[in-house]
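Q: Given chain B, put chains G and H in place with the hints provided.
Chains B, G and H are the protein sequences, given in the same order. Taking the numbering used here, the leading residue of the first sequence gets 796, the next gets one more, and so forth. Taking the numbering used here, the leading residue of the second sequence gets 1323, the next gets one more, and so forth. Taking the numbering used here, the leading residue of the third sequence gets 2, the next gets one more, and so forth.
Check before you lean on any hint, since a few could be wrong.
Listed next, the in silico BS3-like pairs over lysine-lysine satisfying Cα-Cα at most 25 Å (straight line) [as the list claims (entries may be wrong)]:
(1) B:1012 with H:62
(2) H:65 with H:87
(3) B:1028 with H:62
(4) B:1017 with H:87
(5) H:62 with B:918
(6) B:1028 with B:1012
(7) H:62 with B:1017
(8) H:84 with B:1012
(9) B:1017 with H:63
(10) H:304 with H:65
(11) H:65 with B:918
(12) B:1012 with H:63
(13) B:918 with H:87
(14) H:285 with H:65
(15) B:1028 with B:918
(16) B:918 with H:84
(17) B:1028 with B:1017
(18) B:1017 with H:65
(19) H:63 with H:84
(20) H:63 with B:918
(21) H:65 with B:1012
(22) H:84 with B:1017
(23) H:84 with H:62
No lab work stands behind these hints, which were simulated from the structure alone. What you are looking at is a predicted structure, and each value in this text was computed from that prediction instead of being measured.
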Amino acid sequence: MLFFVARRLLYLVPVLIAVSVLTFVIASLLPGDLAYVILGDQATPENVAALRHDLGLDQPIWLRYLGWLWHILQGDFGRSFRTGQTVLQAVSERVPISFELMILAELIGLAIGVPLAIACAAKAGSAFDRFMTGSAFAMLSVPTFLSAILLIYLFAVELRLLPATGYVPFTEDPLANLRFMVLPALTLGLAEWPGIMRVLRSDMIAALQEDYIALAKAKGLKPSRILFVHALKPSSLTLVTITGINIGRLIGGAVIVESIFALPGIGRLLVGAIYTRDLIILQGVVLLVAAGFVIMNFIVDMLYALLDPRIRHGHA
Amino acid sequence: MATLELSLEEEAGATPVRRRRLGTLFWIAIGWMVLVFAVAIFADLLPLPSPTDMDMLERRAPISVEHWLGTDGLGRDELSRLIFGARISLIVGLCAPMIGVTIGGALGMLAGYFRGRFEAFVVGGMDVLLAFPPLILALAVTAYLGQSIFNLTCILGVLGIPAFMRVARAATLSLARREFVIAAQALGATHTRILLRELLPNVMLPLLAFFLLGVAVTIVVEGSLSFLGLGVPPPISSWGSMIGEGRESLDVAPRLAFIPAIGMFLTVLSFNLIGDTMRALTDPRQGAL
Amino acid sequence: MSGALLSVENAVVDLPTPRGNLRAVDHVDLEVGAGKTLGIVGESGCGKTMLSRAILQLLPKKAKLSGRVMFDGQDLTRLSAEKLRKLRGRSLAVVFQDPMTSLNPVLTIGTQLIETIVEHLELDLAQARQRSVELLAAVGIPAPEQRLTQYPHQLSGGMRQRVAIAVALSCEPQLLIADEPTTALDVTIQAQILDLLAREQQRRHMAMIIITHDLGVVAGRTDEVAVMYAGRVVERAPTPALFKQMRMPYTEALLAALPKLDVPPHTPLPAISGRPPDPTRPLKGCSFSPRCRYSAGRCSTEKPRLSPAETLEHLYACFHPIAAGGGA
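Chain B extracted, bound-state conformation:
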């Protein structure tokens, strides 16, 4: 187990370095120059040259990368030239909001997907199963922004039950915070359940064919115990895997949902930075999100290893 963790940790380093290189390269795809973007209309060749020198843009790219990396390793991700806020400040203010949204969404997805998967697996091939499998398949074809406007139309425009946009911090007023979070989280959750349900269902159907289920039946156990303990427990490992796979889509979905519902999370920060061409913020956010994504995947891997007794005892 320790060896397993160490090996995965070691693999993390080159991936993170490669991620930083790629982020840097993407940023240097910019046609023209950062100095022009910053100076905008008042750009004269002289002050562009001066700013280029200040920003170090007149140095070769690999030297600039190393300088950039050096600052990052010291915790300096740069500072917005529009608001003056540092990248770390901006990100740390917004991370909790995005996390709250993603966790609520995943919980909603699990709350819908898991019971449906169990019910479908228990009655595999029945009319209910076929209807739900079909619905899940159709739901997979509904983009996040489609369910968002559908939910806004239903709950905010027609029924006027919930606010369409806005945000109150949880620490200020938890209830109001949740009221603002319902629609965004539901939107993302609706995109999550079909994947959860499909994978868990087929996994449980496979588990129900196993010898140990036949033996559990032969032992005279109650059907509920066979379903929830003997079949669901092995499949629950799959849930961890699905959650891991979902993270990337969840982050992408959060960007869209935060923009639609005006939630001041990381996604909104990112999109806002693109609108205002705040390229330092953009670069910092992309790097931090990618690094966070890599680390979250690592944690999911570890969690999986921790849960599976076969890997835990070094049989993998």
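A: Then chains G and H, alone, in the frame of chain B:
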């Protein structure tokens, strides 16, 4: 008995029923596909008003003989915009996975066939690409490169490479050990010949099925970007940007958002359905039945 | 006959397959008396596993069973699911072929033992735990206390099968069905497991059915043997009588295919030529006739019925039985 039971249990699943049910739906999906492709290709020949002509007197006009689906917030004909929007969504949706399937497929086959360091390098490179949440990478690159259909297509294409690489590599790995490949090697066939003549035809089918699923995903991602106003640059309309514009008038004219939404949903669903059916057919486990 | 603990009467199992109906079990009659042992022997695919599943009422959903399975005076085929559940594990226990797949990989040994005991016996958790330790000790597992918290993959194959046997014995069943209990195990361990089964059977006075493809397994360990071929019982006799004089050419072929110690090494084994018939394409005549060296005349046009030989206990289905004293 063991082998006998295995085949029986696989068969005991819901597959035969599902396949029959997918039959009708499959053909409906094909029908919708043909319709969308036809109007998108022949959009210029259809008697449609221009999708960019504004008529400020006819803003958000209801459905009429003149405007079959009414007009949008700037008085542009909704049906015409829908059809020209289909064009953009389909061009991006088809071209981007084309890039993915070509580069990803080639890399995957080479990695699966030659193994060794090259394979490790390719897989590692893909891991780096996969280290970015796809939408974030797409947003960042469009932001730096500038918004254009060409840029958008390239980025979405590159994003698809890892997935196609995995499919091609997995298929090649399982094929490369089969008798016909070993026989070809024993007969002294060159690597090029084995890759192109023996492996490619067999890797093609799973890749094609995956390609269709890739089209569905690409249309969704392109729609998401355009919806945020970060995809195709205005005044070009794609379904995503139409839905984005329609969102502003959800209270007065919800149809402006929902008509392109339905078009997009049906198209994505059709690609998913056809792709999934094809994948089920090319899946070696099910193909044996 | 009426004194039997279990009697299978005219059992037929049909399985619908894409290639047509598959008759896995074809008009089988069997009985096992209380405290007796029966061996069911046949090649893979002969229907012996389906027969055991039919007795346990654990056939695949699509399978159709007709006939009666009388156990302790009740027809199992007509019992409600709930009554059947109370019987399984309690009076009717089973050990499957592969302990790797028949024990749940993510539940501890203790959980899998205790859940059965708590389900059927009026014991609390502590008592069930105590009983589990005793059971593990009884089946020859060292340090049984520690095993309770271990997972199946932490045990060797032989130990796992001992655990599976402990699970089966946990509620003192009246009948134990051991379905190829040693096939998945190392040869050196097979005898130990079989001896363990025989010992516990004697000690607990339970009836036992051993299902195997190996005539050597049933020799000396069973009271009666039934040989199955293509879904039918083709020969049935008390074990000593069968080994003294087998009448069905198939039984003889099965025995001949066993390795023996008294022949010089590297002598090729006389394998049974050909393959069992396709069960979805039933033959008109004797199912074994295409592979039988005595096959002649009506063998390929008429099905021989199971009929008694010299004694009423020895039954066989053959037109050209091996004559007393060997040879046809």
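Q: Look at each hint and say if it fits the structure.
A: To see whether the hints hold, each was checked on the structure:
{"no.": "1", "hint": "B:1012 with H:62", "result": "holds, 13 Å"}
{"no.": "2", "hint": "H:65 with H:87", "result": "holds, 23 Å"}
{"no.": "3", "hint": "B:1028 with H:62", "result": "holds, 23 Å"}
{"no.": "4", "hint": "B:1017 with H:87", "result": "holds, 9 Å"}
{"no.": "5", "hint": "H:62 with B:918", "result": "holds, 12 Å"}
{"no.": "6", "hint": "B:1028 with B:1012", "result": "holds, 16 Å"}
{"no.": "7", "hint": "H:62 with B:1017", "result": "holds, 18 Å"}
{"no.": "8", "hint": "H:84 with B:1012", "result": "holds, 13 Å"}
{"no.": "9", "hint": "B:1017 with H:63", "result": "holds, 22 Å"}
{"no.": "10", "hint": "H:304 with H:65", "result": "holds, 23 Å"}
{"no.": "11", "hint": "H:65 with B:918", "result": "holds, 19 Å"}
{"no.": "12", "hint": "B:1012 with H:63", "result": "holds, 17 Å"}
{"no.": "13", "hint": "B:918 with H:87", "result": "holds, 23 Å"}
{"no.": "14", "hint": "H:285 with H:65", "result": "holds, 22 Å"}
{"no.": "15", "hint": "B:1028 with B:918", "result": "holds, 18 Å"}
{"no.": "16", "hint": "B:918 with H:84", "result": "holds, 22 Å"}
{"no.": "17", "hint": "B:1028 with B:1017", "result": "holds, 16 Å"}
{"no.": "18", "hint": "B:1017 with H:65", "result": "holds, 24 Å"}
{"no.": "19", "hint": "H:63 with H:84", "result": "holds, 22 Å"}
{"no.": "20", "hint": "H:63 with B:918", "result": "holds, 14 Å"}
{"no.": "21", "hint": "H:65 with B:1012", "result": "holds, 19 Å"}
{"no.": "22", "hint": "H:84 with B:1017", "result": "holds, 11 Å"}
{"no.": "23", "hint": "H:84 with H:62", "result": "holds, 19 Å"}
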